[in-house]
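Colleague: With chain A held as given, fit chain B onto it using these hints.
Same order as they appear, the protein sequences are chains A and B.
According to the working numbering, the first sequence is numbered sequentially starting from 49.
According to the working numbering, the second sequence is numbered sequentially starting from 49.
Among the clues, some could well be false.
Pairs involving identical chains hold if they fit within one copy or between any two copies, as the list cannot separate such chains.
30 Å max Cα-Cα, derived DSSO-like pairs, lysine-lysine [what the hints assert, rightly or not]:
hint, residue 1, residue 2
1, K105, K215
2, K215, K65
3, K143, K74
4, K101, K113
5, K113, K100
6, K315, K407
7, K258, K368
8, K455, K407
9, K105, K74
10, K258, K357
11, K74, K113
12, K105, K65
13, K407, K258
14, K279, K113
15, K100, K451
16, K113, K407
17, K215, K451
18, K357, K113
19, K101, K315
20, K65, K368
21, K437, K113
22, K113, K402
No lab work stands behind these hints: they were computed from the structure.
As the structure is a computational prediction, the values presented were derived from the model and not from experiment.
The residues making up each chain are set out below.
Protein chains: 2
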Amino acid sequence: MTTPWELRFANRTQRMKSSFIRELLKVTNQPDVISFGGGFPAAELFPIEESKKAAEKVLDLYGRKALQYTTTEGYDPLREWIAEDARKDGLNITKDNILITTGSQQALDFVGRIFINQGDRVLTEATTYLGALQAWNPYGPTYVTAETDENGLITDNLEDLIRQNIKFMYVLPNFHNPLGVSMTLERRKRLIELANQYSVPLIEDDPYGKLIFEGEPLPSIAALDAQYQQKNDTEFGRNVIRTSTFSKILAPGLRIGWAIAPQEIIKRMVQAKQGADLQCSTFDQYLAYELASADWLPEHISTIRRVYKERRDAMLQAFKDFMPEGTTWTVPNGGLFLWLRLPEGCDSLELFPKAVEEKVAYVPGTPFYPNGGPNNTMRLNFSATNPEKIREGVRRLGVMIKKSLEK
Amino acid sequence: MTTPWELRFANRTQRMKSSFIRELLKVTNQPDVISFGGGFPAAELFPIEESKKAAEKVLDLYGRKALQYTTTEGYDPLREWIAEDARKDGLNITKDNILITTGSQQALDFVGRIFINQGDRVLTEATTYLGALQAWNPYGPTYVTAETDENGLITDNLEDLIRQNIKFMYVLPNFHNPLGVSMTLERRKRLIELANQYSVPLIEDDPYGKLIFEGEPLPSIAALDAQYQQKNDTEFGRNVIRTSTFSKILAPGLRIGWAIAPQEIIKRMVQAKQGADLQCSTFDQYLAYELASADWLPEHISTIRRVYKERRDAMLQAFKDFMPEGTTWTVPNGGLFLWLRLPEGCDSLELFPKAVEEKVAYVPGTPFYPNGGPNNTMRLNFSATNPEKIREGVRRLGVMIKKSLEK
Numbered sequence: 049m050t051t052p053w054e055l056r057f058a059n060r061t062q063r064m065k066s067s068f069i070r071e072l073l074k075v076t077n078q079p080d081v082i083s084f085g086g087g088f089p090a091a092e093l094f095p096i097e098e099s100k101k102a103a104e105k106v107l108d109l110y111g112r113k114a115l116q117y118t119t120t121e122g123y124d125p126l127r128e129w130i131a132e133d134a135r136k137d138g139l140n141i142t143k144d145n146i147l148i149t150t151g152s153q154q155a156l157d158f159v160g161r162i163f164i165n166q167g168d169r170v171l172t173e174a175t176t177y178l179g180a181l182q183a184w185n186p187y188g189p190t191y192v193t194a195e196t197d198e199n200g201l202i203t204d205n206l207e208d209l210i211r212q213n214i215k216f217m218y219v220l221p222n223f224h225n226p227l228g229v230s231m232t233l234e235r236r237k238r239l240i241e242l243a244n245q246y247s248v249p250l251i252e253d254d255p256y257g258k259l260i261f262e263g264e265p266l267p268s269i270a271a272l273d274a275q276y277q278q279k280n281d282t283e284f285g286r287n288v289i290r291t292s293t294f295s296k297i298l299a300p301g302l303r304i305g306w307a308i309a310p311q312e313i314i315k316r317m318v319q320a321k322q323g324a325d326l327q328c329s330t331f332d333q334y335l336a337y338e339l340a341s342a343d344w345l346p347e348h349i350s351t352i353r354r355v356y357k358e359r360r361d362a363m364l365q366a367f368k369d370f371m372p373e374g375t376t377w378t379v380p381n382g383g384l385f386l387w388l389r390l391p392e393g394c395d396s397l398e399l400f401p402k403a404v405e406e407k408v409a410y411v412p413g414t415p416f417y418p419n420g421g422p423n424n425t426m427r428l429n430f431s432a433t434n435p436e437k438i439r440e441g442v443r444r445l446g447v448m449i450k451k452s453l454e455k
Numbered sequence: 049m050t051t052p053w054e055l056r057f058a059n060r061t062q063r064m065k066s067s068f069i070r071e072l073l074k075v076t077n078q079p080d081v082i083s084f085g086g087g088f089p090a091a092e093l094f095p096i097e098e099s100k101k102a103a104e105k106v107l108d109l110y111g112r113k114a115l116q117y118t119t120t121e122g123y124d125p126l127r128e129w130i131a132e133d134a135r136k137d138g139l140n141i142t143k144d145n146i147l148i149t150t151g152s153q154q155a156l157d158f159v160g161r162i163f164i165n166q167g168d169r170v171l172t173e174a175t176t177y178l179g180a181l182q183a184w185n186p187y188g189p190t191y192v193t194a195e196t197d198e199n200g201l202i203t204d205n206l207e208d209l210i211r212q213n214i215k216f217m218y219v220l221p222n223f224h225n226p227l228g229v230s231m232t233l234e235r236r237k238r239l240i241e242l243a244n245q246y247s248v249p250l251i252e253d254d255p256y257g258k259l260i261f262e263g264e265p266l267p268s269i270a271a272l273d274a275q276y277q278q279k280n281d282t283e284f285g286r287n288v289i290r291t292s293t294f295s296k297i298l299a300p301g302l303r304i305g306w307a308i309a310p311q312e313i314i315k316r317m318v319q320a321k322q323g324a325d326l327q328c329s330t331f332d333q334y335l336a337y338e339l340a341s342a343d344w345l346p347e348h349i350s351t352i353r354r355v356y357k358e359r360r361d362a363m364l365q366a367f368k369d370f371m372p373e374g375t376t377w378t379v380p381n382g383g384l385f386l387w388l389r390l391p392e393g394c395d396s397l398e399l400f401p402k403a404v405e406e407k408v409a410y411v412p413g414t415p416f417y418p419n420g421g422p423n424n425t426m427r428l429n430f431s432a433t434n435p436e437k438i439r440e441g442v443r444r445l446g447v448m449i450k451k452s453l454e455k
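Isolated chain A (complex conformation) (with noise of 0.2 Å):
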């Protein structure tokens, strides 16, 4: 029978969908399966016993504190330690400009009730992060979308793009989600440029950065809108709304996120996080600052890095020893993705019950084009999954995805 409250709801909840990922991967969680499906890091690296001695030190020193209810903005020494770290990669911020979320997920969902009316365009990758979508489809945007290639987001005709009265741009620009790909250094300063030229401001979406695989990171989009505006002397770092998060470098189940903004913006934040749900878990936070600020915690990185540099070199190796001819995908330089493009005439989605019944998943790509895209791609996610086990798993694909083609 329905109830007098499914009779009532609000003109945006139609928009709301289920994200598909979260649903598909209810099939999927037998543990036979072997699944590049989620994203999710590698629990067999969790800092499981840090964990348990910055919980204890936590409540053993500020108890009282560590479960009270705290400021909306965030546990300071956790901002300091954000402002810190991102002053090393060259924005100079305070805490002030920080605001922590619950993952940054969060943060999204406040760029989409801040700034989004009904009709709205905003200005994405032609395949891009699912999470931000879901984020912003019930506020009712348009989306303009922009092409990308093995070198990200393509720039070379993004100007007449920036012109279609956009409200905000939306970028992953280190191993992108879903992609696994990252913008040059040389788009990422056209793309900068294109921005102030335009005063078109940029959502500069970052979890996967410190997860670099081999050679030097690239300057943040931040950090190179702060410089282009020191160059031309105007005001620091305006453009810019920069999120990041814990979740790939400590824990995902801590939800400890951050945006990095204007101050002006953070107020803003703020106010919208009182509403949400006043201040993420104080616990936590003082967890994640213990933890963020340990001896050990670039080592930690480094391990991280190590490990998903070998699944990630386990799956290449098994496409090419697996995957029939035609297929092609992507080589991230870090992150937990790639993407993979079947032969022409298959159909992602369609195959996605034969790969669950070969004991496999992954992700159909179709979701992550919000206006559309070939259906013929998926996502692979490699941080989950043993070298053994990703081998097998891929020869499973690979020989089911034979099998279809000889249909």
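Modeller: Chain B in isolation, oriented as in the chain A frame:
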């Protein structure tokens, strides 16, 4: 200098305001101020040792799971515990009727997000929880308000109000924030009768229900709705969304609250939560489950009740001893707050800086009235201050008010 962001706010952002209380309390953070302003539980009662043991156990036994992503709905054993607790209260529900939220504040936010279109009419008590208004105002509702007295919401002319095309009603039946009053059984029944008769659904916000000082708790609005419908042979409990939290019986710093609702509404809330922040802290959910299911909890709640009752009594006695004639107050039988009405002509907002000069703080009543109200009221918290300090704080307040009346 203005950033491009500031030129781009959404319309709803103009309706967001900083929490009056949170802003005000920043003034009163000096250690020598006796503050009745916040809504803080007594930190000296927090289960710090138990939390240490629980954290160690959770990390030892379930470390990899407790630090990993989990489902949006929440940690199943915790949902089961909450369902079982609600069943004892007469609600025939399962875990599938429960969503874990970041405090009950987030459940209120989701209600606004899912149900409120601009201009919708929401019925509240004439004096109501500020956090609900803050959660909902961005969505642009109009408030229709029902008067209250020492027995809570007055139901005599409620029928006239309910007929005004109400989207939903919002009530705090137990130890109301800010009023401290509770609805009688008779009024609860009348409220449910009208809700069913006119098919106008209800939010029952009950963060303090377990903190009762004397006598037996009254049935919840949700339980009465279920009873009414069983009697009338319709579906179970379809009119009520009930929100509550562990903040007042365990620790607010964990930010674990919940909504109890018909499954179809939980599904929509899950979609809202996926966009908002994916899920609550996995670790805190494991912790809350360990703490909630432990043997010592009933005794712990008894201790909180006893201590808060002593503090309430100290405050009531101090009012009698120090407040000027013509001052009236509510006598709560539970919870954290009471409501004081100063003699006519006193303006509690105007007096606030003088109180801070005298090193005592409260919350002026004005922001709690969605449609405006008298300016001689204030909310006082008695849970966070010991009896000696309560007496001294009320003395300072009395002196200050008497002085201002003499002028």
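Colleague: Which hints, by number, does the structure contradict?
Modeller: Of the numbered hints given earlier, those the structure breaks are 1, 12, 13, 14, 15, 17, 19 and 20, listed in rising order.
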